[in-house]
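Colleague: If you read the sequences in order, they're chains A and B. In case it helps, the working numbering puts the first sequence at residues 3 to 340. In case it helps, the working numbering puts the second sequence at residues 492 to 822.
None of these hints come from the bench; they were simulated from the model. Take the hints with a grain of salt, since some may be wrong.
[Said to hold, decoys possible] Calculated cross-link-like contacts (lysine to aspartate or glutamate; reagent style EDC-like; alpha-carbon spacing at most 16 Å): (1) B:Lys782 / B:Glu799; (2) A:Lys281 / B:Glu694; (3) A:Lys54 / A:Glu257; (4) A:Lys282 / B:Asp685; (5) A:Lys275 / B:Glu761.
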Amino acid sequence: MNKTIDKVPLVQVQGLKTYFYKGKGILSKVFGKGLRIVHAVDNVSFSIEAGKNFSLVGETGCGKSTVGRSILRLVEPIEGKIFFEDQNILELGKGEMQRFRRKAQIVMQDPRSSLNPRMTAGELIAEPLRIHRIKNSEREIQDEVAHLLETVRLSGDDAEKYPHEFSGGQARRIGIARALVLRPQFIVADELTSGLDVSISAAILDLMQDLQAQFKLTYMWISHDLHMVKYISDHIAIMYLGKIVEIGRAQDISEKPMHPYSQALFSAIPSVKPGQATKKIILEGEVPSPIHPPSGCTFHTRCPRKLGSICEAQIPPWLDAGDGHHISCHIPLETLRK
Amino acid sequence: MNDSLLRVRDLTVEYSTHKGIGNALDNINLDVREGQVLGLVGESGCGKTTLGLSIMRLLPRFGRVAQGEILFKERNLLDLPEKIMNKKIRGREIAMIIQDPLHALNPVFTIQTQIIDILRFHKDRLLTTQWKGKQLRNKAINMLEEVGIADPLERLTDYPFQFSGGMIQRVMVAMAFNCNPSLLIADEPTTALDVTVEAQILELLKSLVKRYGASVLYISHDLGVISEISDRVAVMYAGNIVEYADTKLLFENPAHPYTEALLRCLPGAEVRGKRLGTIPGRVPDLTERPKGCKFNPRCPHVMEICKEKAPTMLDIASDHSVACFRYENHE
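If we strip away everything but chain A, and leave its shape as in the complex, we get (with noise of 0.2 Å):
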């Protein structure tokens, strides 16, 4: 099963198994009982091509963040294979690995928490430097700070602020500044925008634009933003329960979610446009657990378009609609395409 969109690939990521254990202690690790396993994220096959926006949707709990921390190899993954240019990154050594660090980091999600409170913006910022030793003065570590601060459009002075000092949007440019110091090609950006307000928001989207053209970056975005996805991506990958449902261009996808899911998902956000607000498709119920999840297609306890018990029983196939467009479904291509 290949799931190549296009051309040469940048990161490359097949049949990707995060599982995380649940149990109430020791002797449930030791002997098994009572262990239960979150399937967070399960079987997932993408590439993202180079100077490309890649953008992973989905809706809490979906395991997005799971895949965008196993990419970096912040968990673990229990099976399959990425590679970044061609070398699998989950058998790297450790100092390979510390290589590989700096070529690919995370905006992660909430500044407040991921921002170290007893350090000033400056320190934040040249931590990395230390760490990978790139710099050797002090004076080039100060200036380097200063230029990073000014590529993310915050003044120099703000090397002496603590992370509380910041608004919202000033922190995510701390941490945008943080991941960019080591000069990466490839950026995970976590939930970059939530909780900010639009016009913070927007001029986050347009730095974040400018410096993909200044450092010839790529992105990885996880949002659940679907307004924002539209707006920012090459190709979207939608996640329900672990699982990729739909992949492919965006405006493919955008324009014509083919998988009942996604059609759910577009359907519900909120047009800003009065009258011409199409149709909701409301879905039942909720989430099911990823503890328990339901078998054959995940998502048929809640389909509006279930066929009947082929969709309890087995995995739906990998439909290709062309144009690196999937669907998993078990509704046919030429009924889903109506």
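The hints should help you fit chain B onto chain A, whose structure is shown.
Modeller: Below, chain B without anything else, positioned relative to chain A:
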């Protein structure tokens, strides 16, 4: 106009902070019409929640109504004794749904206890004075059923933390409609929810509002949600209402530079590849608000007069008014 259920007139609310006193609300005028949904939209700190709290008379201690009237069914809520407010208005004539339901509910009581508490407190409203435990419980079960909670009998004895975000918001909705209120203040009820759950809750709210004939003041920062749920919209900036119009007019024909800028900031498929407009500068601090029009330092159309005088609301069309000097000399 007589068809207004709630009329806010010249309302000014002061907050005293360590930096001094500032006006969180500055001369607010608005009407919630009978059976309509008024959307109140603006960015963090613009005073939209403060307005909701002023109506409920639940302002924090450092807040004070400096002037103005809040007329609800022709009675000024600000003059009512606290006892009447508590017994007759709050939670009964006017209900509020707040943003974070887990903070609104007591974590150490089951939801049954909390729902029945309200029913008991306002039982005279519910037509009968002799409600016993079992009847109250049945009423609670009916309400949970009405808001779409599966197995209401079993869920009644659950604690708030045992519910998911969407489900607990449903419980809040049930509690708000407990006493059949004439006005519902919904303060960002769907902000923390995923889109599909948000759609479920909005749908539920719409159907209940229709069934109970309530009027709604819907507070949100999300322009999309506001455009879908409201009949009319008021846009707030730094304690002022800057534009006030029929929903369709506002979104198709924004008049105030701030409204225009906000709408330009929205990402979406139509603006792919283009830069989003950003609003230069930032929202002024409560105590350091500029003279004249509060938006003037960030406004692309700023004129001399904007820095001197505060603009007043002008009618530029029927059901469309805006506080901006650009429209001063029209017609």
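Colleague: Next step is simple, just say for each hint if it's right about the structure.
Modeller: To see whether the hints hold, each was checked on the structure:
no., hint, in the structure
1, B:Lys782 / B:Glu799, "holds (6 Å)"
2, A:Lys281 / B:Glu694, "holds (12 Å)"
3, A:Lys54 / A:Glu257, "violated (19 Å)"
4, A:Lys282 / B:Asp685, "holds (15 Å)"
5, A:Lys275 / B:Glu761, "holds (12 Å)"
When each numbered hint is compared with the structure, a violation occurs for hint 3 only.
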